[in-house]
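There are 2 protein chains.
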Amino acid sequence: MAEKKLVEAITSMSEDFAQWYTDVVKKAELIDYSNVKGCMVIKPAGYAIWENIQRELDRRFKETGVENVYMPMFIPESLLQKEKDHVEGFAPEVAWVTHGGLNPLQERMCVRPTSETLFCDFYKGDIHSYRDLPKVYNQWCSVVRWEKETRPFLRSREFLWQEGHTAHATEEEAVERTEQMLNVYADFCEEVLAIPVIKGRKTDKEKFAGAAATYTIEALMHDGKALQSGTSHNFSTGFAEAFGIQYTDNENKLQYVHQTSWGMSTRIIGAIIMVHGDDSGLVLPPMIAPTQITVIPIQQKKEGVLDKAYELKNMLAGKGFRVKVDDTDKSPGYKFSEQEMRGIPMRIEIGPKDIENGKCIICRRDTREKIEVSLDELAAKVEELMPQIQKDMFDRAKAHLEEHTYEAHNKEEFVDVFANKSGFVKAMWCGETACEEQIKEDMAVTSRCIPFEQSCLSDTCAYCGKKAQKMVYWGRAY
Amino acid sequence: MAEKKLVEAITSMSEDFAQWYTDVVKKAELIDYSNVKGCMVIKPAGYAIWENIQRELDRRFKETGVENVYMPMFIPESLLQKEKDHVEGFAPEVAWVTHGGLNPLQERMCVRPTSETLFCDFYKGDIHSYRDLPKVYNQWCSVVRWEKETRPFLRSREFLWQEGHTAHATEEEAVERTEQMLNVYADFCEEVLAIPVIKGRKTDKEKFAGAAATYTIEALMHDGKALQSGTSHNFSTGFAEAFGIQYTDNENKLQYVHQTSWGMSTRIIGAIIMVHGDDSGLVLPPMIAPTQITVIPIQQKKEGVLDKAYELKNMLAGKGFRVKVDDTDKSPGYKFSEQEMRGIPMRIEIGPKDIENGKCIICRRDTREKIEVSLDELAAKVEELMPQIQKDMFDRAKAHLEEHTYEAHNKEEFVDVFANKSGFVKAMWCGETACEEQIKEDMAVTSRCIPFEQSCLSDTCAYCGKKAQKMVYWGRAY
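So the sequences go chain by chain: A and B. Here the first sequence stands for residues 1 to 478, numbered as in the numbering used here. Here the second sequence stands for residues 1 to 478, numbered as in the numbering used here.
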């Protein structure tokens, strides 16, 4: 490969954000396109991010009592059809298996687009008494949705996710679990991924097929578009009635269970890229970065340089940081741009002169600021800087979210934002689906959520002028 | 549920081993059957074992430089057909997807039965120069094989596994990796699962479809039947030639890459059950057991008993053990049999009298031995016993393997073992596939492996009398 800077190989964000995104996922070696149309290959640099997400989310789930299980990947057609709204939502976008080996199947099966029906079928046989409740199960798996337009991480025919499915004795407990898991997602996004989110409830039009209520966290990307980043659904007794999932309560009466489901997927990697990335490539928050520091030796063939680089690496690894030395035969400049493209939060440059002076250079990926540090103070400086980078990344994303959230008090203001700016619009809404559909048709704008934190901006719907019911976040979404 | 002992609900091993196995997987709550024919639901107790297997294997893989990735789950038919032997081996047992959403696909795709073809297709585009080698990739996923007869863990239409796929510059390096991964599997089985294995090479008849050589580890179940527990394949340049995977070497010449693949699956949970289980249920080796100790309070309603149980639990958890207290309202006897059925390596019984005397009872699951220990010495005793249980379980399995391995010097001895005993037969073999096929036809016995540790038992093939080539392990297999 020629030694030109990697950064020259990518489009700038301001020029073409979509092309910038595609360039970054490829050049940062997160994915590759495959010959299976609409499916991607997740390469080591991308999969390592997913492994860190899994580890951290799974730990948080288990702290709330979640147990992991594994359900079959196939759903017989008759099972998919048991809940009417659910099948209407998913049947048009599933992949159908019609043959097993050389023989046609008696009943065709789809590859799971989501597993509510499989969990219901299982719970029906597994739940008998109130002593069997609650069931708080989750699975990590891949799902398939036959999308026409696909984009890496954001929308692909197969993607990885976790899906939690719970069953409870009471509606109260189900509502509590739905909210609890939404909070787990929100805290994870803010604390670990440094992505601020808006928590709220979906409108009836936007809720999950078969749900009584869908809660969501919505994040704002660098280009002002929204990304639904995690959802948590309360099914009430809808699925239980369709599938006949009943338990005997402590007065020996038969009752339907109350159910929830909640999921987060590899889509969130798209959010990390589009919230934090810049024209030099990916920028990973330290807490999720598979490698946190690259030590880059300068004039590495000079005696003692590589040894010193490894000494620093081992010292920092001993402090619990994830560190690598780049000792390949590429030029330092190329190594710098590679480390930047891959979003590694910090690099340490160390050459013969530095060693002589007992110093080295730290370069922050997020600000690209260079800091000279004496080798004696290196560990302390890295320990101070790493959480600072994490915090600064969150603060910048939070400022961007606030700067790109607009209030609209009437139709003119509403239209103006989506014509001339980009971001979230907070506006009062009448609560009618017809109005929501009109907004979508007119401007390709959808309701993102009815935020839990409500405020009253006016008495009338900003779009249609009818009596206002709720304040809603609106946006163009991925 | 009635308070009768769980053990009464299962068939004894000696009466009907197959039924005992089925009873244990159900009563220990490892799996449930699903309405998707031939597929199982892996319940929390079963999945937690798989999570421990994953964690430990993944750590060992990464120590050898393995990186995790994720490939699509679908294989277009034309891709599956690229390597002739491979497609012949797998096409008869794959599930075919023919429709995406409402439309028929232009080309049907199968759900991966294994992913050699997908990795090859990816490597073809990703490998250019010797600098790109080696590639040492692995994925954790589920695969589908359309089996007619299925049994939980042992043979099901969908199962979970890991599959490693590597590409190397030289044949030497590929052979080395094939052997290295077989050793990782063997060490894992022996050190973590307490299952002794025979390492060797498969005959041409038994090797993987498309492989130049297949290495295997073979374990002996309690009933004397063999279980192939992990395999590692060397493909030489076979797949590379079929897919055109070439690199430029350091003299600028085009060369084919040398490839390997290796896998271990949820099948290994079947081995854990059938090697260590007994008439009271599952027996889990401490290193893989999700819960290692159950503290069972006696007369738990008496003041101080539950507090003491939790105090012991916290003390032992602080020492790094995985401990639970069973404070349900079941009787102690029922709790004992539940802990035994689930194979939890140790239980601690503590009641008002014990507390008065400053003592408790430890009961080992493997030997069912009861040991009175003073509370002061409990931690030290558990720290001594836990590795002892692990070691004793291995030693017993090893002794069973040795007692059930027979030498056959001629056809009479060969036939006698499989007619009147059960286990492995070590015997010299002529090396001809026709002879191997005859043995299978006559006695439903297959070659398990040509062990790396060879010895010469005679000059002639024990079965057909022709000149002997190698010593082979024979057995009836799952």
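Accuracy of the hints is not assured; some may be wrong.
When chains are identical, the list treats them as one kind, so a pair holds in a single copy or across two.
To be verified - Calculated cross-link-like contacts (lysine-lysine; reagent style DSBU-like; alpha-carbon spacing at most 30 Å):
1) Lys135 - Lys26
2) Lys62 - Lys313
3) Lys225 - Lys381
4) Lys82 - Lys148
5) Lys199 - Lys319
In case anyone wonders, no lab produced these hints; they're calculated from the structure. If you're wondering where the values come from, they're calculated on a predicted model, not measured in any experiment.
Here is what the structure says about each hint:
Taking identical chains as interchangeable, the C-alpha atoms of Lys135 and Lys26 lie at most 30 Å apart only when they sit on different chains, with a minimum of 18 Å there against 41 Å within one chain. Only between protomers do Lys62 and Lys313 lie at most 30 Å apart by alpha-carbon distance; the minimum there is 19 Å, versus 33 Å within a single protomer. Proximity of Lys225 and Lys381 under a CA criterion of 30 Å is satisfied in neither setting, with 36 Å inside one chain copy and 61 Å between copies. Both within a single protomer and between protomers do Lys82 and Lys148 lie at most 30 Å apart by alpha-carbon distance, with minima of 26 Å and 27 Å respectively.
For the homomeric pair Lys199 and Lys319, neither the shortest alpha-carbon distance inside one copy (36 Å) nor that between copies (40 Å) is at most 30 Å.
Going down the numbered hints, you'll see the structure goes against 3 and 5, while the others check out.
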